[in-house]
Amino acid sequence: MAIDGAGKTVATLKPKEKFDFFHDERVRSVAYQILTACVVGWLAWYLISNTAHNLQVRGMNTGFGFLSATAGFDTDFKLIEYKPGVGTYGRIFLIGCLNTLLVSFFAIIFSTVLGFAVGVLRLSSNWLVARLALAYVEIVRNTPLLLQIIFWYVGVFALLPRVKNSLDLSAGAEVAFLNNRGLYTAWPVPDDLFWMTIVAFLAAVVGVFVLRRWAHKRQDETGKQFPIWSASIALLIVLPYLVYLASGSTLNWDVPTLQGFNFAGGAALPPAFLALLVALVSYHAAHLAEAVRAGILSVEKGQTEAALAIGLRPKKAISLIIIPQAMRAIVPPMISLWMNVVKNSSLAIAIGYSDVVALFMQTALNQAGYAVEMVGMTMAFYMFISLSISGVLNIYNKRVQLEER
Amino acid sequence: MKPNSFVLSVAAVVAMSFAGATVATAKTTLEIVKERGHLRCQVGPASPGFYNLDAKGNWYGSDVSICQAVAAAIFGSKTKLEIQSVSSQVRFTALANGESDMLSRTATWTLLRDTQLGLDFTAVNFYDGQGFMVPKDSGITSAMQLKGATVCVLTGTTTELNLADFSRVNNMNIKPVTFEDSNVRNDTYLQGGCDALTNDKSGLASNKAAFPNPGDHIVLPETISKEPLAPAVRQGDAQWFDIVKWTVYTLINAEELGVNKANVDKMRSTSTNASVRRMLGVEGNLNEGLGLSKDWAYNIIKEVGNYGEIYEAYMGGGKLGIGISRAGSANDLWTKGGLMYAPPFR
Numbered sequence: 111m112a113i114d115g116a117g118k119t120v121a122t123l124k125p126k127e128k129f130d131f132f133h134d135e136r137v138r139s140v141a142y143q144i145l146t147a148c149v150v151g152w153l154a155w156y157l158i159s160n161t162a163h164n165l166q167v168r169g170m171n172t173g174f175g176f177l178s179a180t181a182g183f184d185t186d187f188k189l190i191e192y193k194p195g196v197g198t199y200g201r202i203f204l205i206g207c208l209n210t211l212l213v214s215f216f217a218i219i220f221s222t223v224l225g226f227a228v229g230v231l232r233l234s235s236n237w238l239v240a241r242l243a244l245a246y247v248e249i250v251r252n253t254p255l256l257l258q259i260i261f262w263y264v265g266v267f268a269l270l271p272r273v274k275n276s277l278d279l280s281a282g283a284e285v286a287f288l289n290n291r292g293l294y295t296a297w298p299v300p301d302d303l304f305w306m307t308i309v310a311f312l313a314a315v316v317g318v319f320v321l322r323r324w325a326h327k328r329q330d331e332t333g334k335q336f337p338i339w340s341a342s343i344a345l346l347i348v349l350p351y352l353v354y355l356a357s358g359s360t361l362n363w364d365v366p367t368l369q370g371f372n373f374a375g376g377a378a379l380p381p382a383f384l385a386l387l388v389a390l391v392s393y394h395a396a397h398l399a400e401a402v403r404a405g406i407l408s409v410e411k412g413q414t415e416a417a418l419a420i421g422l423r424p425k426k427a428i429s430l431i432i433i434p435q436a437m438r439a440i441v442p443p444m445i446s447l448w449m450n451v452v453k454n455s456s457l458a459i460a461i462g463y464s465d466v467v468a469l470f471m472q473t474a475l476n477q478a479g480y481a482v483e484m485v486g487m488t489m490a491f492y493m494f495i496s497l498s499i500s501g502v503l504n505i506y507n508k509r510v511q512l513e514e515r
Numbered sequence: 066m067k068p069n070s071f072v073l074s075v076a077a078v079v080a081m082s083f084a085g086a087t088v089a090t091a092k093t094t095l096e097i098v099k100e101r102g103h104l105r106c107q108v109g110p111a112s113p114g115f116y117n118l119d120a121k122g123n124w125y126g127s128d129v130s131i132c133q134a135v136a137a138a139i140f141g142s143k144t145k146l147e148i149q150s151v152s153s154q155v156r157f158t159a160l161a162n163g164e165s166d167m168l169s170r171t172a173t174w175t176l177l178r179d180t181q182l183g184l185d186f187t188a189v190n191f192y193d194g195q196g197f198m199v200p201k202d203s204g205i206t207s208a209m210q211l212k213g214a215t216v217c218v219l220t221g222t223t224t225e226l227n228l229a230d231f232s233r234v235n236n237m238n239i240k241p242v243t244f245e246d247s248n249v250r251n252d253t254y255l256q257g258g259c260d261a262l263t264n265d266k267s268g269l270a271s272n273k274a275a276f277p278n279p280g281d282h283i284v285l286p287e288t289i290s291k292e293p294l295a296p297a298v299r300q301g302d303a304q305w306f307d308i309v310k311w312t313v314y315t316l317i318n319a320e321e322l323g324v325n326k327a328n329v330d331k332m333r334s335t336s337t338n339a340s341v342r343r344m345l346g347v348e349g350n351l352n353e354g355l356g357l358s359k360d361w362a363y364n365i366i367k368e369v370g371n372y373g374e375i376y377e378a379y380m381g382g383g384k385l386g387i388g389i390s391r392a393g394s395a396n397d398l399w400t401k402g403g404l405m406y407a408p409p410f411r
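Chains as they are written, first to last, in this note's numbering: chain A, 111 to 515; chain B, 66 to 411.
Since the hints were made in silico from the structure, they are not lab data.
It cannot be assumed that every hint is accurate.
Said to hold, decoys possible - Among chain A residues calculated to face chain B with C-beta under 7 Å, some are:
1) 132
2) 135
3) 138
4) 141
5) 169
6) 173
7) 186
8) 251
9) 255
10) 264
11) 275
12) 290
13) 375
14) 459
15) 475
16) 479
What the hints assert, rightly or not - Okay, the calculated beta carbon distance ranges per label pair:
17) A:442 to B:123: 33 to 41 Å
18) A:277 to B:202: 18 to 26 Å
19) A:239 to B:164: 49 to 57 Å
Using N, Cα and C, we set each Cβ at its ideal position, and we do this for glycine too.
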């Protein structure tokens, strides 16, 4: 409907759309997309079938049947049961993936914590602290990671005392040892009733979430604050401990003891794992520290002043006003940093940590010889992990970004 | 450390994906090599004795000599050669897709490799076996005492598998610590990070020679595996297979017949031994089946020497050698109780 000059409403006909199949924009865009999909699909098909054909022509075995064949070699660090001659190549792949994930998981957590701490310290008003943080960041950030990994391994962990002179980390209690073969600690062996304690712990975790919501709600309504941190920690410790005592279950400890050449029993982490972890953490924390510093500096000074002006204490001002705004700038570089931790863990091969590249793409490939499949599987694994990390963090990123209304 | 090994593997896989579907060669490998004007021979990252670099960046070693011998057989000159140093993950792929014409690197001849990787092993040029080295002050004198020990091992070889087999058969629960780089492995061993180091015995000899105090370490008497090392070629070209195989046999036969680098000219003109005359191309037409010139074997010996000379120079007590004694070992001639035996020139 439209209004003509005289103020009367007149019915205007929607102009009849002339549909020209060959010049229509929608048809064209769909056609281009189909064409692109076809080209990509054809290329993928061509690459795969051509590879298979070439391998066959050259008399090389192809396919994934090898995954169920038994592997004859052993590995020194595994999280799941494996015996040479019984376990399969598929299991070797799994062991390698788990080892990569283990070191990446801890490296991500520690480097994030350390990175945030150093990033804040870089901005400290204390001259010495700020300079020390700067020196750390610049030294670590400007040397190659591979060099640092080898340094930590050859220069630090390999120089620890030998097995017979192990350092007792538990100050005489003889439950944790450190030597140049690794870190050995006592490991709990739960008995039959221990599940009750675990259930209690899970209940405590749920309880913490409920408590937080309640505390938030109460603060919104009445303005009263609740000591949520101390209450949560108390809940997480006290509840499982009471159940542990009440259930009468016992927790035995498997203590490492020196037998023959090595320590036996307990849990052991090889020096290669420790060296890799320390190198990854220190290297990536330095990178993250710069992102954190940049993020904090990106928040206008007026925000701090305003926060202080309305009476927030400096600590509260940082945690409630500055950090949430800084996160907008910190999260995107943090996403790529976390993915880099996972990918860089493949440098483990330099010092003999059994990650997926060393164990599967190196040892297994040399034994079985399925180069194309094994390299492909390793690449797919890294891609899957990287895409998962970026997927999850992107959701988080959307939440911290500015919401425009 | 070979930081580029991942890149290389990926590159090899990519190359395999794009390579034209028809390698199927109207041309034989010999024709391709001749047309190119030089031989592409693959070795591994430097390993003393077998293949190593001198101060000028030239390759030398017993396996390099095999490459040179094949080049001499085809071109009459050992310098018409391109040595390719390739990481162990992609060695067989690089041979299969035609990057290399042959490989002459400490590759152990095994059933799986012979039948499933598209390659053929030619003739054994070194009999090796895996052993253990321990610090002398450990008091260990036999591999059977290594129960529960931590053993440093290099990845990318059959050594890991042999170690696991040995541990399994003898119920010894040996813990392998696997390295990609021999320097890091040696360092770990020297710092006491492992109780023993395992490698092929030839490798142990060269490792030990490079240690600060070689006398502080001993190689245990046990040999836990058979490691026949042989040059390998791509499957499916019988003539090329014969050329590489008979190049190795020429080296061995030459030693047995007493022909060496110094006397080969004299032998060619004066020898009355029918075998020598046939080998050096004075009599008969043994070259025809191989598609090489009449003096192919003469060129090999003239340019490179015989098997004994090569062994002495690089594996034995020569200036560049790693000091593995030959007398009485499997690598001695069959006439002296060894296993080096080549079919006759007839």
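Just pull the numbers of the violated hints for me, sorted ascending. 1, 2, 3, 4, 6, 8, 9, 11, 13 and 17
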